[in-house]
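Chains F and X supply the protein sequences, listed in that same order.
The first sequence begins at 0 in numbering that gives the first Met the number 0 and counts up by one.
The second sequence begins at 0 in numbering that gives the first Met the number 0 and counts up by one.
It should be emphasised that the hints constitute simulated quantities derived from the structure, not laboratory data.
Careful: at least some of the hints might be erroneous.
The list makes no distinction among identical chains, and a pair is therefore deemed to hold if it is satisfied within one copy or across any two copies.
[Said to hold, decoys possible] Dumping the calculated DMTMM-like pairs for lysine to aspartate or glutamate here, alpha-carbon to alpha-carbon at most 20 Å:
1. K127 - E23
2. K48 - E197
3. K177 - D44
4. K118 - E134
5. K210 - E175
6. K83 - E128
7. K176 - E241
8. K177 - E241
9. K48 - D207
Number of protein chains: 2
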Amino acid sequence: MPQLQRITIASSQFHNQDITLTAEQQHYLCRVLRLQSGDRFIAMDGMGKWWLAQLAGTEAQVLQLISVETELTIAITLIVALPKGSGFDEIVRNCTELGVTCFAPVVSDRTLLNPSPQKLERWRRIAKEAAEQSERTTVPTILEPVPFSSSLSMVANEKYICEARGDYPHLLSCLEKKEDGESNFNNEKTIVIATGPEGGWTETEIEDAIKAGFQPVSLGRRILRAVTAPIVALSLVAAAHEI
Amino acid sequence: MPQLQRITIASSQFHNQDITLTAEQQHYLCRVLRLQSGDRFIAMDGMGKWWLAQLAGTEAQVLQLISVETELTIAITLIVALPKGSGFDEIVRNCTELGVTCFAPVVSDRTLLNPSPQKLERWRRIAKEAAEQSERTTVPTILEPVPFSSSLSMVANEKYICEARGDYPHLLSCLEKKEDGESNFNNEKTIVIATGPEGGWTETEIEDAIKAGFQPVSLGRRILRAVTAPIVALSLVAAAHEI
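Bound conformation, chain F alone (with noise of 0.2 Å):
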């Protein structure tokens, strides 16, 4: 249903078929959306359930639950090391579009960004908003920043470095051939990769990911932005995995 509007709302504003909205939903709905008591929205709870509502004064109710298949069928968690100014907003936006499941901000050897509780608050704003307008059904986690070191022993299926220098295989031909392989049954297929910042990583942080199991991968012959290799590896892992 394209053409209905969609917003998120809280778990816990769902009360049976009621749902209570509040003074800044109304205003959304009734204001910027101009919709009017009996017509119809999309109500999201931003973790992959999506419910046809209707509304009626300062409520709305629930007429049926929809079945919508956006999401991916792997987890994919993106460590991002923060890129300087605001080029962590730009690949929030991108990345959630193309279907992320969680975003690990991290500080790497040559980030320069010292990102503040605010800058946290903003980001999840920006996926939620962009999760809305991609018409994806969950709303991708971003995790507090913390140093590189501490996001290497995260547990996944596959885990990935994307380093533009040295001569690494193609991020594309290691999905292709994790693809041929064993599937789990059962269990949501995880991945996880890291992206590097201007300048790219350090020799040791690449030392320290592949100890740690991670596969370095080439995103191309070309020097990708810190701000536009996340999109072209997530280009890449949704893609792998929607064909």
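Given the coordinates of chain F, work out where chain X should sit on it, guided by the hints.
Below, chain X without anything else, positioned relative to chain F:
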């Protein structure tokens, strides 16, 4: 030689082993980059050739031709329905990094922007800068905006039009099928790929493209912004031809 600065020099500035530098280039090399006589840099002609050069006062000397292989082995023309605001700036920057050969901005039925001649100059400057940063040897061409219908007659080995709605095959699966097929010796393979504006292509536009030999394709199940779709398409085309 990643540590050396790169600068684009017009072919008219080369005289045997000497390069005459414009006032702007002198300012950039000496004031911005802080190079001094005797320091080396890379002179690119924007058409595929790099030279190692040495600054000598207000001129520079060519030391040797450098062999670089950052270009794709295919020629990709990207037809982009101009997005609103400065969205095309972002597309030019990202897709230049990803190896595009030619941008063909078009005005489609749902395009809102009517670009000014100044915009074209701006886009060409962005393409030049992005080519330098990503260590490409070729600066992509940017054509003057034309109506979408005029761009349909372009000749290429493969032509794709990306469409979010509808049940079309994934771009990556189409690319992989073609990869298995015949290769044409001697001639560089050419791919044309078209992405739509906010709100997508109209049905008539898709039908006209199909009649003109375009294969409609999907970029995944989520709805991508007009600015994100070309980056995803280019990521896939580049990767499919570099593995």
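Verification of the supplied hints:
{"no.": "1", "hint": "K127 - E23", "in the structure": "within (15 Å within a copy, 45 Å between copies)"}
{"no.": "2", "hint": "K48 - E197", "in the structure": "neither (38 Å within a copy, 26 Å between copies)"}
{"no.": "3", "hint": "K177 - D44", "in the structure": "neither (33 Å within a copy, 41 Å between copies)"}
{"no.": "4", "hint": "K118 - E134", "in the structure": "neither (24 Å within a copy, 32 Å between copies)"}
{"no.": "5", "hint": "K210 - E175", "in the structure": "neither (23 Å within a copy, 33 Å between copies)"}
{"no.": "6", "hint": "K83 - E128", "in the structure": "between (22 Å within a copy, 18 Å between copies)"}
{"no.": "7", "hint": "K176 - E241", "in the structure": "both (15 Å within a copy, 15 Å between copies)"}
{"no.": "8", "hint": "K177 - E241", "in the structure": "both (14 Å within a copy, 18 Å between copies)"}
{"no.": "9", "hint": "K48 - D207", "in the structure": "neither (39 Å within a copy, 37 Å between copies)"}
The structure shown violates the earlier hints numbered 2, 3, 4, 5, 9.
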